[in-house]
Structures are given as C-alpha cells and as structure tokens.
Amino acid sequence: MPAGVWAVPFAVGGRAHSRESERVKKVAENQLPARGRMAGLDRQAQDRRIDDTMLIREAQRGNRAAFEELVRHYDHAVLRLALHLTGTEQDAQDVYQDAFLKAYKNIGSFRFECSFYTWIYRIVTNLCLDHLRKRTVRKEDAPVAKDSDGAEYDLLDQVADGRAGANPERDLMRRQLGARIAGALDRLTPRERMVFELKHYHGMKLRTVGEILHTTEETAKNTLFRATQKLRGALADMR
Amino acid sequence: MKCEWVKQNIVLHVYGELPDDARYELEQHVARCADCAAELKAEQDFHALLSQDRVADPTPNLLASSRMHLQEALESTQQGSV
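Chain order of the listed sequences is A and B.
Sequential numbering of the first sequence, starting at 1, is according to the working numbering.
Sequential numbering of the second sequence, starting at 240, is according to the working numbering.
Since the hints were derived computationally from the structure, they do not count as laboratory data.
Ideal Cβ positions, reconstructed from N, Cα and C, are used throughout, including at glycine.
Check each hint, because a few of them may be wrong.
[Unchecked claim] These stretches of chain A come out as covered by chain B in the derived footprint (C-beta under 8 angstroms, 3 or more residues): (1) 75-84; (2) 97-107; (3) 197-206.
Kindly produce the complete structure, drawing on both the sequences and the hints.
Here it is, written out as structure tokens:
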C-alpha cells in the first residue's frame, strides 16, 4: 500500500479533508476535562456517530480505507489515554496497535448495539487494564529516576511537553507534583485507576465510564469515590 | 445521616455529576453545616491541585509512527481472523 494512504480521503461526500481538521479540533477540545467545554458535545457526538455508521458499514464490507478513516477519528485520544496509563511510548504504541488490530478483525461482529466510541474504548481499556495488572505484579521495575535534589520522579513525566523550558523553577515544581501524583495513582487498584483516569483526565461522564467498563454508573461512582479518597490520603501533605 | 450523604457525594459535585435536585440539596446543606463546608473546600482544593497535572499529548512523531505500524499490520491482516 502507498505510504500516503492515511491521507486519502474516504469518499463520503468529498468533504473529508475539511471535516478531518474540524474533527482534530473537536478531539482536542474533548480531551480537556474543563466542564464548560462539554456543552455542545452532544450534537458533535451525534454528527460523528452518523459518520462512523457509514464508515463502519464500509469497513464491514472489507473497505480498509474506510476502517483507516475510522481509526483517525479516535486514534489520537486512544494514544493519549494509553500513553498516560502505561507510561512509556513503546507500551502505548503496543496498546494502540493491539486495539485497532483487534477492532479490525472483529468489525464484522459490531452490531451497533453501542457506539463505536464505547466499543473501541472497551477494547483499549481492557488492554490497558491487563497492562496495569501486570505492572502491579512487577512494581519494582517502575520507571523511577532521581532528580538533582535526590527526589524520585517518574520517567513517565519526561514525556515531551511544549510548555517546558519557559520557567525552569515552575517546570521543576510541576515535575515533582506530577511525580507525586503518578506515585499515588500507581497505588490505586487497576480498576480504580481506570475509572479515575477516564473521569478526571479524559472528562468522560460516569455513565459512559460505566458502559465502557461493563458496569453500572453507580459502581463507577463508588469506584471514583474510593479512588479520590485514596489519592487525597496519599497526597495529604501537598495541600 | 445527611452529613454522611453529603460527604459521599461531594466528589460527584466537584466533577459536575450530581443531578440538579441532589446538587441543590447538597448546596443547601453545605450553607448550614461548617463541617461539610470544610469538606467541600478540601475536595475543591484537592481537585485544583490535581488539575495542575495535565496529561501530555502524544507527540506528532509517536502518532505518525503508530499509524504507520498499524497500516503495515493491516495489510497482512484479514477481517474475522482472531
């Protein structure tokens, strides 16, 4: 397949390119947990669902370009989630690859009983939960390093960040805060970590979190409560 | 009993997950109860602290390389094969 295949717009009315840039903007907006941005997302979600339906049907007929277009609707958000949960680019890339390959192999059995969004997040969160469970077993291998003051910080926190460099003192404080939070997150159970991650960092509604994790909204609420209590306990000295 | 209910629900309040009637009830209670008001303040402060830590976006290189690897894998993958 030619290298530029990702750039080939799938023919759904010839507006694929401009729609893609809009979509990137939407995805970027969705990723910030600020509550104000949630307004209006319902309509956007509905528009995307219509798009997805066409693409899924095409993909189910064996159209790989349609599947690849579908991947592009979600892959930035998926990679961001995997990167934060696994902590390394290599692991995040493995989750990304496994998730979309699994989706591709099983797209034929997608019956539109839930949104594609929920479906793909089920796959991704399952893979990430497996990863977290394995990591719980071998915690001594956690990617921890020491800074010049001897304080431990997590290597995950070294992920490239465009804001770094402007104010070294603030950057250091932010890194130390990030390291403390990462350490506290690591002590949650994989399930608590996942609920907290989807709610706090990805701004999802608990109803959606429940759907993705095959549980009730009530259970997701209780899990969020427990996770927050534990985190508050672990970070009590930082307030 | 009321205080216990409020303490269980403060985190949902902070995340904007309480239905209107429950939110109203919680706000009414907090206005009268110093203990619960302190708990709400503590949860809000904690939320603000956590919010200083943002999730990093994947770099464009990571995204491009992930897409490329996936594309290669898709070429040799059949739908329906598990």
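Within 8 angstroms of chain B's CB atoms, at least three CB atoms from the stretch 197-206 of chain A: coverage verdict: holds (count 6)
Verdict on chain B covering the stretch 75-84 of chain A, where coverage means 3 or more residues with a C-beta closer than 8 angstroms: Coverage by chain B holds for the stretch 75-84 of chain A (6 residues, Cβ < 8 angstroms).
Claimed coverage, the stretch 97-107 of chain A by chain B - three or more beta carbons nearer than 8 angstroms: holds (count 7)
Checked against the numbered hints listed earlier, the structure breaks none of them; every hint is satisfied.
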